[in-house]
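Asker: The chain contents come next:
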Amino acid sequence: MAAAEEASRPFAGLSEVSISEDIPVEGDISVPVGPSTRRDDELSTLDEPVRETILRDLRAVGNKFVHVLYPKRSTALLRDWDLWGPLLLCVTLALLLQGGAADSDDQGGPQFAEVFVIIWFGSIIITLNSKLLGGTISFFQSLCVLGYCILPLTAAMAVCRIVLVGGSGTVSFAVRLVVVTASFGWSTFASTAFLADSQPPDRKALVVYPVFLFYFVIGWMILTFSPSQ
Amino acid sequence: MDYTATQSGFRQRKLQPNMRLRTNLVDGSEGSQLFEDTSGAASGPQTGYSNQQPGPQAAGFPGQSILSDPMSNLAMAYGSSLASQGREMVDKNLDRFIPISKLKYYFAVDTVYVGKKLGLLVFPYMHENWEVSYQQDTPVAPRIDVNAPDLYIPAMGFITYILVAGLALGTQNKFSPELLGVQASSALVWLIMEVLAVLLSLYLVTVNTDLTTIDLLAFSGYKYVGMIVGVVAGLLFGRPAYYLSLLWCCVAIFVFMIRTLRLKLLSEAAAEGRLVRGARNQLRMYLTMSIAGAQPIFMYWLTYHLIR
Numbered sequence: 098m099a100a101a102e103e104a105s106r107p108f109a110g111l112s113e114v115s116i117s118e119d120i121p122v123e124g125d126i127s128v129p130v131g132p133s134t135r136r137d138d139e140l141s142t143l144d145e146p147v148r149e150t151i152l153r154d155l156r157a158v159g160n161k162f163v164h165v166l167y168p169k170r171s172t173a174l175l176r177d178w179d180l181w182g183p184l185l186l187c188v189t190l191a192l193l194l195q196g197g198a199a200d201s202d203d204q205g206g207p208q209f210a211e212v213f214v215i216i217w218f219g220s221i222i223i224t225l226n227s228k229l230l231g232g233t234i235s236f237f238q239s240l241c242v243l244g245y246c247i248l249p250l251t252a253a254m255a256v257c258r259i260v261l262v263g264g265s266g267t268v269s270f271a272v273r274l275v276v277v278t279a280s281f282g283w284s285t286f287a288s289t290a291f292l293a294d295s296q297p298p299d300r301k302a303l304v305v306y307p308v309f310l311f312y313f314v315i316g317w318m319i320l321t322f323s324p325s326q
Numbered sequence: 213m214d215y216t217a218t219q220s221g222f223r224q225r226k227l228q229p230n231m232r233l234r235t236n237l238v239d240g241s242e243g244s245q246l247f248e249d250t251s252g253a254a255s256g257p258q259t260g261y262s263n264q265q266p267g268p269q270a271a272g273f274p275g276q277s278i279l280s281d282p283m284s285n286l287a288m289a290y291g292s293s294l295a296s297q298g299r300e301m302v303d304k305n306l307d308r309f310i311p312i313s314k315l316k317y318y319f320a321v322d323t324v325y326v327g328k329k330l331g332l333l334v335f336p337y338m339h340e341n342w343e344v345s346y347q348q349d350t351p352v353a354p355r356i357d358v359n360a361p362d363l364y365i366p367a368m369g370f371i372t373y374i375l376v377a378g379l380a381l382g383t384q385n386k387f388s389p390e391l392l393g394v395q396a397s398s399a400l401v402w403l404i405m406e407v408l409a410v411l412l413s414l415y416l417v418t419v420n421t422d423l424t425t426i427d428l429l430a431f432s433g434y435k436y437v438g439m440i441v442g443v444v445a446g447l448l449f450g451r452p453a454y455y456l457s458l459l460w461c462c463v464a465i466f467v468f469m470i471r472t473l474r475l476k477l478l479s480e481a482a483a484e485g486r487l488v489r490g491a492r493n494q495l496r497m498y499l500t501m502s503i504a505g506a507q508p509i510f511m512y513w514l515t516y517h518l519i520r
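Which chain is which? The protein sequence lines are A and B, in order.
Read in order, the letters of the first sequence correspond to residues 98 to 326 in the working numbering.
Read in order, the letters of the second sequence correspond to residues 213 to 520 in the working numbering.
Please note that a few of the clues may not be correct.
With a Cα cut of at most 25 Å, we get these calculated BS3-like pairs of lysine-lysine [to be verified]:
hint: 1; chain 1: B; residue 1: K476; chain 2: B; residue 2: K304
hint: 2; chain 1: B; residue 1: K476; chain 2: B; residue 2: K316
hint: 3; chain 1: A; residue 1: K301; chain 2: B; residue 2: K304
hint: 4; chain 1: B; residue 1: K476; chain 2: B; residue 2: K328
hint: 5; chain 1: B; residue 1: K314; chain 2: B; residue 2: K304
hint: 6; chain 1: A; residue 1: K228; chain 2: B; residue 2: K328
hint: 7; chain 1: B; residue 1: K328; chain 2: B; residue 2: K316
hint: 8; chain 1: A; residue 1: K228; chain 2: B; residue 2: K386
hint: 9; chain 1: A; residue 1: K228; chain 2: B; residue 2: K476
hint: 10; chain 1: B; residue 1: K328; chain 2: A; residue 2: K301
hint: 11; chain 1: B; residue 1: K476; chain 2: A; residue 2: K301
The following label-pair restraints were derived from C-beta to C-beta distances [unchecked claim]:
hint: 12; chain 1: A; residue 1: L225; chain 2: B; residue 2: Y346; range: 25 to 31 Å
hint: 13; chain 1: B; residue 1: D349; chain 2: A; residue 2: V163; range: 50 to 56 Å
hint: 14; chain 1: A; residue 1: P298; chain 2: B; residue 2: L330; range: 16 to 22 Å
hint: 15; chain 1: A; residue 1: R176; chain 2: B; residue 2: S293; range: 25 to 31 Å
hint: 16; chain 1: A; residue 1: Y167; chain 2: B; residue 2: I426; range: 39 to 45 Å
hint: 17; chain 1: A; residue 1: P298; chain 2: B; residue 2: I426; range: 23 to 29 Å
hint: 18; chain 1: B; residue 1: L448; chain 2: A; residue 2: G266; range: 35 to 41 Å
hint: 19; chain 1: A; residue 1: S265; chain 2: B; residue 2: I356; range: 52 to 58 Å
hint: 20; chain 1: A; residue 1: G266; chain 2: B; residue 2: S313; range: 43 to 49 Å
hint: 21; chain 1: B; residue 1: V324; chain 2: A; residue 2: V163; range: 35 to 41 Å
Derived by calculation from the structure, the hints in this document are not laboratory data.
Predicted model only: the values in this text are computed from it and were never measured.
Where a beta carbon is used, it is the ideal one built from N, C-alpha and C, also for glycine.
Generate the whole structure from the sequences, applying the supplied hints.
Answerer: Right under this line is the structure:
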């Protein structure tokens, strides 16, 4: 009896304990039900219509195009990298470069596969160089940036083709030269805005140089394109 | 209640393998990554819809989810550890063939070094001290010592040479994109043969030197700078300019190679310039001269067909 009273004494005052309203009690005892159901909705993208899935990817790609056209220091291109945009641009550029006659008479313009190889191998080499120089950017992020920054050059190719419809004299050559040079500068500037951030400042020029060469080659291919008669 | 408890427990356990893999992916570069590396096998929940298989399993069949959650959790943990093991194995095996860490040493350059080295390649006459400085038995990074070999200049020189060759062939109306590939592969083959020949002769003469294969690759790649200067001068100003600038660059690279290799191949006394008699030193001297003399020959051989 005494022991029971002794035992109950430590708890005797408990009945008088009350938590006043203005002492904040931390923590959450209840398990939230909301987020798990939301997560279920997010996760079950198997049930959404195919159009939704495709449109979401297209919107992401379009968003990155806008970032390339107005290059400012943002991480949007890098955080969610994807390679759909570069593939689209590469295929468009290769298709636009078809059907041309190069300088010599018996060889056509760059084949589809050649444009592909030049663009992708060039990007891989630049990425390797950037990584070996000690960059903090990852392999696919760099491929993504370089691929997306081909957008101005693809636009220039389209413009060149339109200009060439009107004739291929000196005036059209001058116009094409200006357009290609401007878009080449834009591409290089856009990609360095993303890539140069990942290097320490005394190596920025070393990373920019191969990018410059890469876009120069693509610009050269665009400029020397002349449609077959 | 039970369902949500296992769900949140699962989520916590799923995050941990992601964290482990992400720290593995930092791999040697100065840990402060500017941008999230979402390229690894464990791209987190930010990429949205890529890691979905536990979700629909749990959502679609709530009855079975309590049973399948531990299983899928186990599978996730096992899969991620398998992925990291696989990656380690690939890295280890790749490292055996292409020593990535050693390659990084040759790319530890900066703009000032590249500028000074290019100047040295074209005008090596004023430079006094050609010793490579060491730091406790390991050579110092090229960034700090202008005498150390690097691979950035040869690699960029090679690529620029191919593009300039394409340009030059274009002005002769002989260009097609296939020619770029032909030029690239032929120049690469010549480079490899030259490095192999030097290695063979070093072996035959039994020189024990600390020149590695990559060092030899770097030294053989320095001649592309001279070739580019020659071809560009020829394109801009015509054949006489090509010959003049090529001559200048050939002499410059000859002197550069002799002064660099002298310290590596010859004995101490001979390197200081004193005449040391002895068959071994004479052989090494001939070896140095022939390596240095091969450079102008290659420079001419690889560029004369570009300027017509």
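Asker: Given a hinted range of 35 to 41 Å, is it respected by the beta-carbon distance of L448 of chain B and G266 of chain A?
Answerer: violated (26 Å)
Asker: Does the Cβ-Cβ separation between D349 of chain B and V163 of chain A fall within 50 to 56 Å?
Answerer: holds (54 Å)
Asker: Is K476 of chain B within 25 Å of K301 of chain A, Cα to Cα?
Answerer: violated (32 Å)
Asker: Are the Cα atoms of K228 of chain A and K328 of chain B separated by 25 Å or less?
Answerer: Judged against 25 Å, a Cα distance of about 23 Å means the pair holds.
Asker: Take the C-alpha atoms of K228 of chain A and K476 of chain B, compute the straight-line distance between them, and say whether it is at most 25 Å.
Answerer: violated (30 Å)
Asker: For a C-alpha distance cap of 25 Å, please report whether K476 of chain B and K316 of chain B respect it.
Answerer: Given that 25 Å is the threshold and the Cα spacing comes to 22 Å, the pair holds.
Asker: Please test the hint of 39 to 45 Å on the beta carbon pair from Y167 of chain A and I426 of chain B.
Answerer: Since Y167 of chain A and I426 of chain B have Cβ atoms about 43 Å apart, the given range 39 to 45 Å holds.
Asker: K476 of chain B and K328 of chain B: Cα distance at most 25 Å?
Answerer: Between K476 of chain B and K328 of chain B the Cα gap is close to 21 Å, so the pair holds against 25 Å.
Asker: Hey, K328 of chain B versus K301 of chain A, does the alpha-carbon distance stay inside 25 Å?
Answerer: holds (16 Å)
Asker: Would the hint linking K228 of chain A and K386 of chain B be met if the CA-CA limit is 25 Å?
Answerer: violated (36 Å)
Asker: Given a hint of 25 to 31 Å, does the C-beta separation of R176 of chain A and S293 of chain B actually sit inside it?
Answerer: holds (26 Å)
Asker: State, for the Cβ atoms of L225 of chain A and Y346 of chain B, whether the hinted interval 25 to 31 Å holds or is violated.
Answerer: At roughly 28 Å between Cβ atoms, Y346 of chain B and L225 of chain A fall inside 25 to 31 Å, so the hint holds.
Of the numbered hints given earlier, the model fails hints 1, 3, 8, 9, 11, 18, 20; all others are met.
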